[in-house]
Amino acid sequence: MPDFLLEIGCEEIPARMIEGAIGELRERVNTLLQRERLAPSEAITWLDTPRRLAVMAPGIPPAQPDLTEQVTGPSAQVAFRDGQPTPAAHAFAKKVGVDVSALERITTAKGEYLGATVTRKGRSAAEILAEMLPREIASLYWPKNMYWRKRGELFVRPVRWLVAMLDEHVIPMEVFGIAAGNHSRGHRLLAHGTATISRPGNYVEQLRAARVLGAPEREQVIRKALDAATRTIPGARWREDKPLLATVVNLTEFPSVILGAFDAEFLVLPEEVLVTVMRDHQKYFAIEDSSGKLLPHFLAVLNTGGDAHGLIRHGNERVLRARFNDARFFWQTDQKQSLRERVELLKHVTFQKDLGSYYEKTLRVQHLASWLAETIKQAGMAIRPGVVHKAALLAKTDLTTELVKEFTELQGMVGGLYARVQTLDEELRPEVQEEIAKAIYDQYKPASMEDDVPRTVEGAVLAIADKADSIAGMFALGLVPSGSKDPFALRRQANGIVKTIAEHKLPLRLSQIMLDARSQYDGAEAEKKFANADYAGSTRSFFRERLEFYLKDGRGHAYDVVNAVLAADPDDVVDAAARAEAVSKVRGSADFESISIAFKRTKNILRQAAENDRRVAERLDSSALAEDAERELAALIPKTAAAVEKLRQLGNYEQALLEIARLRPAVDKFFDKVMVMVDDDNLRANRLALLQTLIKEFSTIADFSEIVTEGKESTK
Amino acid sequence: MNSSKPNSLTFQELILKLQAFFAARGAVIQQPYDVEVGAGTMAPETFLRVLGPKPYKVAYVQPSRRPADGRYGENPNRLFKHMQLQVILKPPPENVQELYLESLGAIGIDLRQHDIKFEEDNWESPTLGAWGIGWQVMLDGLEVTQFTYFQQCGGVDLDPICAELTYGLERLCAFLQDVDSIYDIVWARDPETGREVKYGDVRLVDEQEFSVYNFEAADVASAWKHFELCEAECKALLDGYAEFNRVKVEDEDKDKSEENGIAREKSRFPLLGAYDLCLKCSHYFNILDARGAISVTERVGVIARVRALAVGIAKAWMDQQYPSPKRDEKPQGAKAAAKDKEKKGKLAPVGS
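Residue numbers (our numbering), protein chains in the order written: chain A, 1 to 716; chain B, 1 to 352.
Think of the hints as simulated: they come from the structure by calculation, not from any bench.
Watch out, some of these pointers could steer you wrong.
Claimed, not checked - Taking lysine to aspartate or glutamate pairs in the DMTMM-like style, the calculated list, with each CA pair at most 25 Å apart, reads: (1) A:Lys-405 / B:Glu-216; (2) B:Lys-57 / A:Glu-153; (3) A:Lys-293 / A:Asp-452; (4) A:Lys-150 / B:Glu-94.
Claimed, not checked - A few chain A residues that face chain B, going by a derived Cβ cut-off under 8 Å, partial list only: (5) Gly-9; (6) Glu-12; (7) Tyr-147; (8) Ile-312; (9) Val-319.
Stated by the list, open to error - Covered stretches of chain A (in silico footprint by chain B; criterion: 3 or more residues with CB under 8 Å from a CB of chain B, positions within the stretch not fixed): (10) 13-22; (11) 298-304; (12) 600-607.
Think of the CB as a built atom: it goes at the ideal place given N, C-alpha and C, for glycine as much as any other residue.
Whenever a hint applies, use it, and build me the whole structure from the sequences.
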C-alpha cells in the first residue's frame with residue numbers, strides 16, 4: 001500500500017488565501033481517491049506554507065481493485081432463434097469480451113435476458129492520479145488569479161515546481177508545463193538548492209531539514225517566541241490578535257520573532273493611531289503593561305531564523321519611527337484647524353456625486369438625528385439631544401484631516417479623539433464634551449454583525465441617522481442593492497441600524513426613520529436626480545430583509561418563527577425581537593403546535609371562501625350560531641383577546657402566547673364539530689366571521705400560520 | 001544618528017549597480033522619459049512595449065512626479081518627485097524572483113542577515129486601464145520594491161505577460177545608508193577628496209518650489225485649458241488613425257500603389273505623439289488634483305477621460321505594430337481578399 005504525496009510549489013500565495021486553498025485541495029484529493037476506489041488507509045494529512053500546498057494520503061491501493069459486474073444484454077428471444085445465437089448474441093458477446101457459449105441467462109420481471117459477468121481490470125493508482133490530478137489542481141478556486149505562461153492557464157501565482165509521488169516513485173504527470181518530480185524546495189534563504197524527497201512518509205521531516213514548517217507548528221513557534229520576547233519586559237504582555245497571528249503564520253515558512261522599541265515620546269499619540277500603524281501597516285504585535293497601557297515596544301514576526309546582528313530589528317525600528325513621525329506630523333498639522341472650523345471645508349468634500357457634499361449631509365444628519373433624539377426623549381428614554389446635535393455637526397469633519405487621509409480606517413475615531421482634546425465650546429462641561437467625543441468616535445459602528453454598537457444612546461442615534469441618510473439618498477436615486485451588487489454597502493449599513501436599535505432598545509420604527517431621512521432631502525438639488533417611484537415600498541422590503549437577517553443570523557431564531565413574527569409587524573425592531581424570543585420559547589409545546597395548525601386551516605378556509613365569493617358577516621352575530629362548539633368559541637374569543645391584549649401591552653409576549661395556546665380545546669372542538677361551509681348563507685357568513693375574528697385578534701404577536709409544524713394534524 | 005554608513009553605496013552608485021546588474025542580464029538600459037510621468041509604468045518603454053508578442057527587457061530610472069505628494073521639503077519621507085528604477089522583463093524568466101533577490105545582493109544586501117517577505121499587493125492604474133498581480137517586497141519591514149506580473153495594459157490583455165520590478169530608489173538608498181531623512185542620502189562622494197553631495201543639495205530646492213507651485217501657484221484655469229488642448233489634439237490624432245481602418249476597398253482592381261501609400265502612412269502615423277499628449281493630460285490632472293480643483297465627483301470622470309485616450313492609443317498601437325495575422329495573410333484570389341477586407345471594413349496592411 002504505497003503512500004501518496006502531492007506538493008504544488010508556487011511563488012508566494014497571498015496570506016489570506018492559503019487556508020481556503022489547502023482545505024479545498026485536501027477535499028479534492030480525498031474525493032478523487034474515494035471516487036476512484038483508492039481510499040487511503042489513514043486520514044489525509046497536509047502541509048501549507050506561502051510557497052507550497054501539499055497533501056499526503058498514507059496507504060492507498062497500488063491499483064484500483066478489479067471490478068466484477070453483471071451486464072445485461074438483449075432478451076433471450078432476440079438473441080437465440082431455434083437454439084442458435086443470432087447476430088445480436090454475437091455482438092453482445094463481443095462487447096463484453098466472452099465467448100457466446102459463456103453467456104448467462106438472467107431472469108427479470110420483463111422476461112429472460114442474456115447476461116455476462118464482466119471483470120474490469122483496475123487501473124494503477126499512478127495512471128489515475130497522473131490523469132486526474134492536473135484537472136483538480138487547475139480547478140482550485142482563487143479569489144484573484146493570473147496568467148503567466150499562456151492564456152487559459154490561471155492560478156493564484158506562477159507554479160514553479162511539482163512533487164507527486166507514490167512511495168519513492170514519481171507519478172508521471174504535468175501541470176502548467178511543469179513535470180512532477182521528487183525535488184521540493186526549502187526555505188528561500190535558509191536552505192540551499194532543492195530538497196529531495198525520498199518518500200512521502202519522509203516529506204515533513206525532509207522539509208523541516210530544509211527550514212520549512214507546517215502552519216500549526218509555525219503558529220506554535222510564533223506564540224512561544226512572542227511570549228519569550230515579551231518576558232524580557234517585566235509585567236508586559238503582547239496583545240492577542242487572532243487575525244494578525246493568522247496573517248503572519250501565512251507569511252512565513254520558518255518564523256522567529258524580534259522585540260523592537262520605539263521612542264516613548266510617541267506614546268502621546270492616541271493608541272488607536274499607534275496600534276493601527278503597527279498592526280495594519282507593519283503587521284507588528286503591540287505590547288501592553290499589566291494595566292493594559294501600551295508600551296513603547298513592538299514584536300515583529302520574521303521569516304528567517306533570527307537576527308544575530310540586530311540588523312533586522314534596527315531596520316524595523318527605522319521604518320516604524322518614520323511612520324510614527326508621519327503620524328505625529330499629521331496630528332500636529334491637524335490641530336492647526338479645529339473641527340469647528342473644518343465644518344466649512346466639508347462643502348468641498350463630495351459625499352456622493354448626486355447627493356451633494358458632506359456639508360449638506362452633515363446638515364441633513366444633524367436634523368434627522370435631533371429628530372430621532374426628540375422621539376426617543378418623548379418615549380421616556382434618557383437621552384441628551386444637545387450632545388447628538390453637536391456631535392452630528394462635527395461628525396464628518398475628520399474627513400478633512402491629514403491623519404484620516406493617511407489612515408482612512410481611522411475615520412470617526414480620529415474625529416472623536418480630536419473632539420476630546422480640542423475646545424469645542426467654552427461653555428461645555430467636560431463630561432458633555434466627552435459624550436460628544438464618544439458619539440463621534442462610534443459613528444461608524446457596528447462595522448459588522450460581530451462588531452459592537454455605539455457605546456452611548458447619543459452615539460447610537462448619530463450612527464443610525466448617518467446610515468439612514470445614506471440609504472435614503474441611494475434608494476431615492478434608485479441605487480438599490482441587488483444580488484451580489486451592493487457597491488455602497490447599504491446592506492451592511494442597514495444591518496447596523498437594526499442591530500443598534502435592537503441592542504439599545506430604541507423606540508424607533510424603521511419605516512418612520514426612513515421617511516424622516518427621505519424628507520431631509522426635500523427641496524435639495526439632489527431631488528432632481530431622484531428616480532425611485534416606490535421609495536417607501538422598496539425601503540420597507542429592504543429593511544424587512546435586514547431585520548429577518550438579524551433575527552435569524554444575529555439572534556439565532558428559526559426562519560419560520562421570524563416569518564411569523566414579521567408577518568405580524570416588521571417595523572418595530574425591539575418589539576419584533578421580543579416577540580421572536582417569546583415565539584421561539586413556546587413553539588415546541590403541543591398546544592402551540594396545535595394552535596398553529598388550526599390557524600393554518602382557518603386561513604385556508606377564509607382564503608377559499610374569498611376565492612368563491614362567499615360572504616363574511618360584517619359583525620359576528622352569536623345568536624346566528626347553531627352549535628355549542630361554536631358558541632363556546634365565540635364567547636371565549638373576546639375574553640382571551642382582552643387578556644392577551646393586556647399582556648401584549650405589558651410586553652409580556654410569552655404569557656400572552658400561552659394565553660392564546662389555551663384556546664386550543666375550544667378551537668379543536670370547533671373544527672371537530674362544526675362544518676363551516678354549509679349551504680345556509682347566514683350561518684356560513686357568521687361562521688366565517690367567527691374565524692376571521694379569531695385570526696384578527698390573535699395575529700398581532702405572530703402569524704401562527706407561518707409556523708412550520710411537524711406533528712400530525714390534530715384537528716380534522 | 002544621521003551620518004550614513006561609510007561603506008554603503010551612494011545614490012548614484014546604487015543606480016549604476018542596478019543598471020549594470022540588469023545590463024549583464026541582457027536588458028536594454030534606457031534613459032528616463034522626457035515627458036512628466038507619475039510612475040515608470042507610464043513611460044512608453046513600459047506602456048507600449050508590454051503590448052504585443054515581442055520579447056523585451058529594459059531597465060531605466062524614471063523620475064516620477066506626483067504633485068499631491070509634495071511636502072515643501074519638510075517631511076523626511078515624502079517627495080513630490082521621486083525616482084524609480086523600472087525593470088520590464090517580457091516574458092518573465094522562470095527564475096524571476098531569484099533574479100530579483102540577486103539584484104539585492106548586487107547592491108550589497110546580504111539576504112542571510114535580513115528578513116524578506118513577498119506580501120500580496122496587486123497593482124491597478126485606472127488612468128492607464130492597466131492592472132497586474134503581485135507583491136510588495138518587504139525588507140526588514142520596509143517596502144523596497146513593487147513586483148508585478150502585468151496582466152493588462154491600456155485595456156489590452158497582455159500575451160505574453162511581463163514582470164515589472166519597480167525599485168523605490170530613495171527608500172532603498174536611505175535603508176542602505178541607514179539615514180532617517182531622504183535629504184541626508186549621500187548622492188555622490190568625490191573619490192579623491194571624500195567630499196559628499198547630499199540628496200538635499202541636489203533636490204531640496206525642487207521640492208520646495210514645486211510644492212509651492214503645485215499647491216498654491218499653478219493657475220487652475222490654465223491647467224484646465226492645457227488639459228483640454230492636449231486631450232483634443234490627442235483625440236484628433238486617434239480619429240485620424242481610425243480613418244485608415246474606415247477606408248473600404250470597393251473596387252477589387254483598386255490601384256495597388258494607393259493601397260501601399262496608405263499602408264505606409266499608417267505605419268508611421270504618430271501614435272507616439274498622441275501618447276505624449278495623453279501623458280500631458282495625466283500630468284495636468286495631477287496638478288489640478290494637487291490644487292484641490294477637482295472634486296471627488298469630477299475625479300472619476302476626468303480619470304475616465306484620460307483612460308479613454310490611453311486605451312485608444314493602446315488599441316491603435318496594437319493595430320499599427322502588430323497587425324493581426326488574419327489580416328496579414330495573403331488570401332488566394334484578389335476577390336477573396338476584397339471580400340475579406342470589406343467584411344472587416346479594414347484595409348489590409350501590405351507586407352510585414
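Here's how the hints hold up against the structure:
1. A:Lys-405 / B:Glu-216: 20 Å, holds
2. B:Lys-57 / A:Glu-153: 24 Å, holds
3. A:Lys-293 / A:Asp-452: 22 Å, holds
4. A:Lys-150 / B:Glu-94: 13 Å, holds
5. Gly-9: 12 Å, violated
6. Glu-12: 4 Å, holds
7. Tyr-147: 6 Å, holds
8. Ile-312: This interface hint holds because 5 Å falls under the 8 Å limit.
9. Val-319: 4 Å, holds
10. 13-22: holds (count 3)
11. 298-304: holds (count 4)
12. 600-607: violated (count 0)
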